[in-house]
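Engineer: Line by line, the protein sequences give chains A and B.
At position 316 of the first sequence the residue is numbered 315 (numbering that gives the first Met the number 0), and the sequence of numbers has no breaks.
At position 83 of the second sequence the residue is numbered 82 (numbering that gives the first Met the number 0), and the sequence of numbers has no breaks.
Wrong hints could be hidden among the right ones.
Unchecked claim - Think about it this way: if two alpha-carbon atoms lie no more than 30 Å apart in a straight line, the pair counts; the simulated DSS-like pairs of lysine-lysine are: (1) Lys206(A) <-> Lys206(B); (2) Lys256(B) <-> Lys293(A); (3) Lys286(A) <-> Lys206(B).
Claimed, not checked - A short, non-exhaustive set of chain B residues, derived as facing chain A with CB atoms under 10 Å: (4) Gly109; (5) Leu232; (6) Leu285; (7) Thr289; (8) Gly307; (9) Gly399.
What the hints assert, rightly or not - Across the chosen pairs, the derived CB separations fall in these ranges: (10) Arg345(B) <-> Ser188(A): 33 to 41 Å; (11) His185(A) <-> Glu357(B): 54 to 62 Å; (12) Leu253(A) <-> Glu357(B): 34 to 42 Å; (13) Glu165(A) <-> Met38(B): 57 to 65 Å.
Everything labelled a hint here was simulated from the structure, so no lab data went into it.
Idealized CB from N, CA, C, for every residue including glycine.
2 protein chains.
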Amino acid sequence: MTISAILKDIDNYIHENVDDFIHELARLCGQPSVSATGMGIHECAHLVNDMLAAHGYNSEIIRTKGNPVVFGRQNGHSDKTLLFYLHYDVQPPEPMDAWESPPFELSRRGENLYARGVVDDKGHIVARLAGLAAVRHVMGDLPCNVKFVIEGEEELGSPNISPFIEDNKEKLSADACIWEFGGVNHEGSPTLSLGMRGILYVELIAKTASIDAHSGLGGSIFPNAAWRLVWALQSIKDLDERINIAGFYDNVRLPSKRDLEILANLPDDGAQLREMYGLDHFLHGLKGGTELKKAAVFEPSCTICGFGSGYQGPGSKTVIPAEARAKVDFRLVPDQDPDEILKKLRQHLDSTGFDDIEIQYNGGTRPARTDPDHPFVQLTIDAANKVYRRDTVVAPIIGGSGPNYPFIHSLKLPVVSAGVGYPGGNIHAPNEHLRINDFVQGIRHTAYIVEAFSRTD
Amino acid sequence: MTISAILKDIDNYIHENVDDFIHELARLCGQPSVSATGMGIHECAHLVNDMLAAHGYNSEIIRTKGNPVVFGRQNGHSDKTLLFYLHYDVQPPEPMDAWESPPFELSRRGENLYARGVVDDKGHIVARLAGLAAVRHVMGDLPCNVKFVIEGEEELGSPNISPFIEDNKEKLSADACIWEFGGVNHEGSPTLSLGMRGILYVELIAKTASIDAHSGLGGSIFPNAAWRLVWALQSIKDLDERINIAGFYDNVRLPSKRDLEILANLPDDGAQLREMYGLDHFLHGLKGGTELKKAAVFEPSCTICGFGSGYQGPGSKTVIPAEARAKVDFRLVPDQDPDEILKKLRQHLDSTGFDDIEIQYNGGTRPARTDPDHPFVQLTIDAANKVYRRDTVVAPIIGGSGPNYPFIHSLKLPVVSAGVGYPGGNIHAPNEHLRINDFVQGIRHTAYIVEAFSRTD
Chain A
0 MTISAILKDI DNYIHENVDD FIHELARLCG QPSVSATGMG IHECAHLVND
50 MLAAHGYNSE IIRTKGNPVV FGRQNGHSDK TLLFYLHYDV QPPEPMDAWE
100 SPPFELSRRG ENLYARGVVD DKGHIVARLA GLAAVRHVMG DLPCNVKFVI
150 EGEEELGSPN ISPFIEDNKE KLSADACIWE FGGVNHEGSP TLSLGMRGIL
200 YVELIAKTAS IDAHSGLGGS IFPNAAWRLV WALQSIKDLD ERINIAGFYD
250 NVRLPSKRDL EILANLPDDG AQLREMYGLD HFLHGLKGGT ELKKAAVFEP
300 SCTICGFGSG YQGPGSKTVI PAEARAKVDF RLVPDQDPDE ILKKLRQHLD
350 STGFDDIEIQ YNGGTRPART DPDHPFVQLT IDAANKVYRR DTVVAPIIGG
400 SGPNYPFIHS LKLPVVSAGV GYPGGNIHAP NEHLRINDFV QGIRHTAYIV
450 EAFSRTD
Chain B
0 MTISAILKDI DNYIHENVDD FIHELARLCG QPSVSATGMG IHECAHLVND
50 MLAAHGYNSE IIRTKGNPVV FGRQNGHSDK TLLFYLHYDV QPPEPMDAWE
100 SPPFELSRRG ENLYARGVVD DKGHIVARLA GLAAVRHVMG DLPCNVKFVI
150 EGEEELGSPN ISPFIEDNKE KLSADACIWE FGGVNHEGSP TLSLGMRGIL
200 YVELIAKTAS IDAHSGLGGS IFPNAAWRLV WALQSIKDLD ERINIAGFYD
250 NVRLPSKRDL EILANLPDDG AQLREMYGLD HFLHGLKGGT ELKKAAVFEP
300 SCTICGFGSG YQGPGSKTVI PAEARAKVDF RLVPDQDPDE ILKKLRQHLD
350 STGFDDIEIQ YNGGTRPART DPDHPFVQLT IDAANKVYRR DTVVAPIIGG
400 SGPNYPFIHS LKLPVVSAGV GYPGGNIHAP NEHLRINDFV QGIRHTAYIV
450 EAFSRTD
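The whole structure should be built from the sequences, with the hints applied where relevant.
Structural biologist: Take a look at the structure:
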């Protein structure tokens, strides 16, 4: 068979079996798996394990210090191994009121499928399995070895994936990796991404008293936890948006000329972002273009994700809060290290008079990138161009974070993200949904990648 | 009858009827009246009106733009008029879990009575009525005219009491006023207070987007409402505790030599405060003594009473908050004016680059004081000395706030606070309680004041 005949047969198989794939996705979405609360996690790990087995994978549930990892493998004709990283846990569904249909029940409305996790990441799990099933159906067997690592703590920041990988390096050995997300951009072009910023997530806690006090009594003489926290936060980042932690920028690697070329080719989504989020302006006077794209992903950031203290109800209450808390994330770029930044943050607070501020560590992952000139990157681009019949967009690194570091630096794999999402899909929000066409294209893209990958040297 | 015979009969009457007074208090506390939510407000106004009528007062419910005021009057033998200011509304009972008995059900445990409002301010309402009933019983009739102004919005900052007073100046005319709170201090000494700081209560609101965004997407390029608010707050007050609003201190009147003398005679409660609230230290390196007392009441303050933004739940959520809010109170000293401070706050934010920060005005009252050398002050001190058989403590001004300004400056009354509370009574907190002995002493003090007042020229 010629390659084009194979791909045509793959396409036919996929189109004939879409309802079955949706049925499989419905089964998976019907099983809650909220890592934030633990709801349904173990049941879901078993379900995924069963699904892999039903697809002919040698599958097992591997314990970690946290939620288990489902690992599956199936050998093929070539000695090349493609590894798929995915996760079976989902974000909490709250706020429940905002859902138009129950979050743990797949609901089709028009050409969209609604459920918590229908994109992130259960749609990807099923799309990988479906694409591989199509290849196997057409080619009689898998043309290369395939491995699945499907973890259950991605939505918690993957706290146990690095040790899992260190403990299972041989088992996980592979030649390339397809990451857990991706899809099309605002314009409908397939978008691949090659890296992620790291993250350090902390909670800063000020405590100044054992109980709240009346502001009339102590407003002029009692310390106030909310003020302490305001001042501590301000010491970390001021109006100029520069992060004032000594040594914070030490290991920041500037984007290369090649990176900037690639960025320049990315569509300018400044206008869409401003509209979508109702923004007056971007920081640093940025308007759009390559400078905006560069700042978004090649510069580290410090975000207050939330804070709370004292009375927040309706009307007035005159109270001096005994405690105040802020959730803060630092997005890190290569080669920053969250452990090092955590130490520098502690040193910063201690040396600026805020040794009373407690730091609670909520998680961290390191930034990592795949070389845009790696041949596997070109392979996935070529496959996407064929599937989507549009020019594929490549992001050298994206602003978000994930545990790609040990895959890139410990397993030494090129890692490319490609998937079934689109920017309006409400992942992490109510009414998360998957467009059926994106699902089909993602299945095809998986199959085309596998077919091409099996032919590499 | 001699004065001492009258007072003895008053005491006997009070001691014989304590159970009835407690019963009356139970009835009043059983009626919720939460001005923050409106719960039971109108029912409570009617109940208070009925209670005044049952005590022989000519009573009426007077509408305001907010909750109604209950006004009662009863004429006596002299042409002197004593006015009692009180309030029938209470603080919200939340958090409900922390109550050992239902907040709207008077519960006696040992020598304490528990209920929301049992001290603040329903215990005072009943104590005034009981003391007056005792005087009337013994003397056959009231020896002077008595008026009651019992409002329903004190816990909201009394937004409508000033216009109410302006509209009813003749009706409210009097010669002196007993205020709604008071009691004994840590050492059990009766404590009278002669003034209150003013207050300006605002909510500061930052809005930077129409919806929250993912911090991975926009952490480096999107404005963040939580950061805006942190910086705006820091611009108002920095680590040195100095309020940086231009002109904020313009009208601050320093305490007189006489004020400082009075302060020096007040007990030093620094150690108790530190223990009670679990404080490491006081601000400005203060340790106690007259300097601490002076700072507590004669210096204005700026308190963050609460703030909130973004994600405050368990674990991590990586979000750029679209909105952030802080509740802030400014305690003001004579002759600061909340309206003027509000204007200066707006000017401050505008001139320091924070014109995007919205100010929501939640209320304000002006500071006001009664001259410590006014004869009515000495009268209430003498009465307290007789009742409590201990030296009475007089505070020239306290740190808290209330609507005494129009009583002092518009009705031209000397205003003295005296009452039934004690520092451990948890007013505004769960398990608010009244010690029965304090209740009895407060009733006696009311009666003794009325008896003495009727004999003034």
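Engineer: Determine for every hint whether it applies to the structure shown.
Structural biologist: Status of each hint after checking the structure:
no., hint, verdict
1, Lys206(A) <-> Lys206(B), "27 Å, holds"
2, Lys256(B) <-> Lys293(A), "65 Å, violated"
3, Lys286(A) <-> Lys206(B), "20 Å, holds"
4, Gly109, "23 Å, violated"
5, Leu232, "5 Å, holds"
6, Leu285, "6 Å, holds"
7, Thr289, "13 Å, violated"
8, Gly307, "4 Å, holds"
9, Gly399, "3 Å, holds"
10, Arg345(B) <-> Ser188(A): 33 to 41 Å, "48 Å, violated"
11, His185(A) <-> Glu357(B): 54 to 62 Å, "32 Å, violated"
12, Leu253(A) <-> Glu357(B): 34 to 42 Å, "39 Å, holds"
13, Glu165(A) <-> Met38(B): 57 to 65 Å, "59 Å, holds"
In the structure shown, a violation is registered for the earlier hints numbered 2, 4, 7, 10 and 11, in ascending order.
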